[in-house]
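Asker: Please model the complete structure; the sequences and the hints are all you need to start from.
Residue numbers (our numbering), protein chains in the order written: chain A, 1 to 207; chain B, 1 to 207; chain C, 1 to 207.
Do not rely on the hints blindly, as some may be mistaken.
Identical chains blur together in the list; that is why a pair holds if it fits in one copy or across any two.
Stated by the list, open to error - Below 35 angstroms or equal to it, Euclidean Cα-Cα: the simulated DSBU-like pairs (lysine-lysine) are:
#: 1; residue 1: K174; residue 2: K205
#: 2; residue 1: K101; residue 2: K23
#: 3; residue 1: K136; residue 2: K30
#: 4; residue 1: K128; residue 2: K174
#: 5; residue 1: K9; residue 2: K30
#: 6; residue 1: K105; residue 2: K30
#: 7; residue 1: K9; residue 2: K168
#: 8; residue 1: K179; residue 2: K197
#: 9; residue 1: K43; residue 2: K128
#: 10; residue 1: K105; residue 2: K46
#: 11; residue 1: K101; residue 2: K29
#: 12; residue 1: K160; residue 2: K29
Everything labelled a hint here was simulated from the structure, so no lab data went into it.
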Amino acid sequence: MGLIPKETKFFELFNNQMENILKAVSFFKKSLKENSFNDEAVKRVKEYEHEGDTITHEIVDMLNRTFITPIDREDIYMLVNNIDEIMDLINVVSNRLNLYKVDSKDEYLYEFFVNIEESVAALSNAIKNLPESSKKATRIMDYCIEINRLENAGDSLREKAISDLFEKEKDPIKVIKWKEIYEVSEAALDSCEHVAKTIEGILVKHG
Amino acid sequence: MGLIPKETKFFELFNNQMENILKAVSFFKKSLKENSFNDEAVKRVKEYEHEGDTITHEIVDMLNRTFITPIDREDIYMLVNNIDEIMDLINVVSNRLNLYKVDSKDEYLYEFFVNIEESVAALSNAIKNLPESSKKATRIMDYCIEINRLENAGDSLREKAISDLFEKEKDPIKVIKWKEIYEVSEAALDSCEHVAKTIEGILVKHG
Amino acid sequence: MGLIPKETKFFELFNNQMENILKAVSFFKKSLKENSFNDEAVKRVKEYEHEGDTITHEIVDMLNRTFITPIDREDIYMLVNNIDEIMDLINVVSNRLNLYKVDSKDEYLYEFFVNIEESVAALSNAIKNLPESSKKATRIMDYCIEINRLENAGDSLREKAISDLFEKEKDPIKVIKWKEIYEVSEAALDSCEHVAKTIEGILVKHG
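Answerer: In structure tokens form, the structure reads like this:
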């Protein structure tokens with residue numbers, strides 16, 4: 001990876017993929033904060049997801065047309081799919097909120113999105129440094145450690161949120177709904193960590 | 001993959017594996033349609049699963065006795081295990097229906113199995129074309145796109161089914177049971193998509 | 001793998017990782033049997049998990065500093081992470097028991113830990129034989145088959161436990177809590193099988 005061919009287009013597209021997710025998460029977080037999460041917001045998150053799919057297909061198509069790739073073909077393929085999963089899970093949270101007709105004004109949910117935004121931002125920075133991974137390995141690893149820390153914080157947040165839910169919410173149907181929403185939110189943080197692990201794996205392979 | 005050795009036996013066994021799943025799914029769907037899903041049917045789905053295990057072991061054994069394989073050893077190994085997971089999940093749906101003592105006459109569940117049957121059939125066709133993957137890449141990709149479409153349809157179906165469940169079912173225990181049954185049914189479609197992704201990954205690697 | 005370089009340190013660390021998990025599981029099982037699972041026990045399981053993290057980081061660090069590895073870099077990386085997941089899930093069961101304020105005196109839960117202890121012990125033995133994998137392939141495969149058998153037994157145990165739960169427990173909140181605890185316990189057995197599959201994959205690759 002020290003001698004990267006001029007195939008920087010893949011990295012550009014990964015950056016686009018991450019920027020799109022970051023926009024979706026920031027929009028989602030803002031709509032939670034301003035208590036403006038409504039049908040229109042659900043639609044807009046869905047649009048970000050479609051945009052993500054478009055970029056994903058563009059990367060896979062390019063992979064099929066490119067002979068020499070800057071990193072292993074299978075690693076590009078794993079990376080693009082794992083990043084896509086983050087966007088999918090953000091969209092699932094949005095869908096569930098809408099579908100389950102719950103009040104999106106929830107302190108824990110907002111905290112999750114503060115956390116998710118930070119994790120997506122750290123991941124975006126890690127990926128920006130990938131083209132010079134041999135020089136920037138330490139910096140990339142620092143971002144991965146930060147993503148890991150945020151995933152641990154998400155675990156604690158989920159525990160607190162669900163523990164609280166069991167104590168305060170007496171309607172079992174609402175318990176079922178919110179438990180799932182918190183779990184999917186936490187899964188979004190898991191998926192960021194999953195990408196970080198994929199990146200670590202790439203660094204290890206070329207170490 | 002252009003120059004495939006005469007090791008076509010692996011592909012034959014993959015075809016057997018898919019045919020067995022297709023038979024299991026068709027049987028399951030029919031028993032749901034005819035409202036004849038009973039202890040006998042649970043036993044028969046279990047038998048299909050055992051047959052699947054036998055084929056799976058046959059492939060892994062052959063892999064351990066074969067020096068030159070038509071596609072990478074690790075890809076054969078991933079493929080056989082991912083296909084096996086489809087059969088496992090079909091069996092889990094059957095088990096849950098039986099174990100939870102719910103009435104299997106359910107419109108959404110039947111719709112899931114219509115969808116699963118189509119997805120398994122498309123996957124079976126994709127795998128039939130694998131031995132000539134360099135010539136048939138476009139056709140294989142078309143089947144993979146179809147499987148992806150069916151997985152998306154499954155997501156929508158699950159959303160509709162669970163949304164309906166929350167609105168109409170007042171017994172929380174029944175909500176818990178059916179929510180899981182719908183989720184496992186959708187997971188069967190996910191597992192088909194997972195195999196399609198593995199196939200895409202193989203094509204990408206040899207692209 | 002016949003000609004393993006003197007890089008036996010990786011295998012030593014894998015053994016340490018497994019031994020730590022085995023200690024955690026034995027302690028957990030004992031505290032369930034003696035009905036002494038309390039805040040102190042939760043803390044101690046957490047300490048085992050931290051110790052596991054330390055060993056995991058040690059292996060990844062060594063991987064980054066080692067040029068020639070006894071088995072493929074990516075396989076070492078997958079192995080260390082998959083083993084770590086077993087420890088994580090044990091800790092999740094402990095956390096949930098504590099968080100959900102349920103009575104840990106439960107026959108099924110104890111049976112799960114009898115099963116998990118056996119599976120972890122078999123995995124530990126499989127890994128002890130990895131340095132001589134070409135000579136000991138049959139023995140390693142036997143341990144993997146045993147782990148597979150225990151995972152199947154875990155599936156049946158979960159079915160029985162949840163079926164019983166649905167029949168006897170009338171409080172839906174308690175159903176939700178115990179269903180998850182049984183599912184995570186079973187996931188710990190799945191994670192053992194996952195490591196066994198990774199080992200099988202390594203044997204297949206070098207077969």
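Asker: Evaluate each hint against the coordinates.
Answerer: Against the structure, the hints come out as follows:
With identical chains, the CA atoms of K174 and K205 are never at most 35 angstroms apart, being 46 angstroms at best within one copy and 46 angstroms at best between copies. For a Cα distance limit of 35 angstroms, the shortest separation of K101 from K23 inside one copy, 24 angstroms, qualifies, whereas the shortest one across copies, 39 angstroms, does not. For the homomeric pair K136 and K30, the shortest alpha-carbon distance inside one copy (33 angstroms) is at most 35 angstroms, but the shortest distance between copies (47 angstroms) is not. Proximity of K128 and K174 under a CA criterion of 35 angstroms is satisfied in neither setting, with 41 angstroms inside one chain copy and 47 angstroms between copies.
Within a single copy, K9 and K30 get their C-alpha atoms as close as 31 angstroms, which meets the 35 angstroms cut-off; across copies the closest is 50 angstroms, which misses it. In this homomeric assembly, K105 and K30 come within 35 angstroms of each other (Cα to Cα) only inside a single copy, at 12 angstroms, whereas the closest approach across copies is 44 angstroms. Taking the shortest Cα distances, K9 and K168 never come within 35 angstroms of each other, neither inside one copy (51 angstroms) nor across copies (51 angstroms). With identical chains, the CA atoms of K179 and K197 are at most 35 angstroms apart both within one copy (26 angstroms) and between copies (30 angstroms).
In this assembly of identical chains, the alpha carbons of K43 and K128 lie at most 35 angstroms apart only when taken from the same copy (29 angstroms versus 39 angstroms across copies). In this assembly of identical chains, the alpha carbons of K105 and K46 lie at most 35 angstroms apart whether taken from the same copy (20 angstroms) or from different copies (33 angstroms). In this assembly of identical chains, the alpha carbons of K101 and K29 lie at most 35 angstroms apart whether taken from the same copy (18 angstroms) or from different copies (32 angstroms). Taking CA atoms no more than 35 angstroms apart as the test, K160 paired with K29 passes in both settings, with 20 angstroms inside one copy and 26 angstroms between copies.
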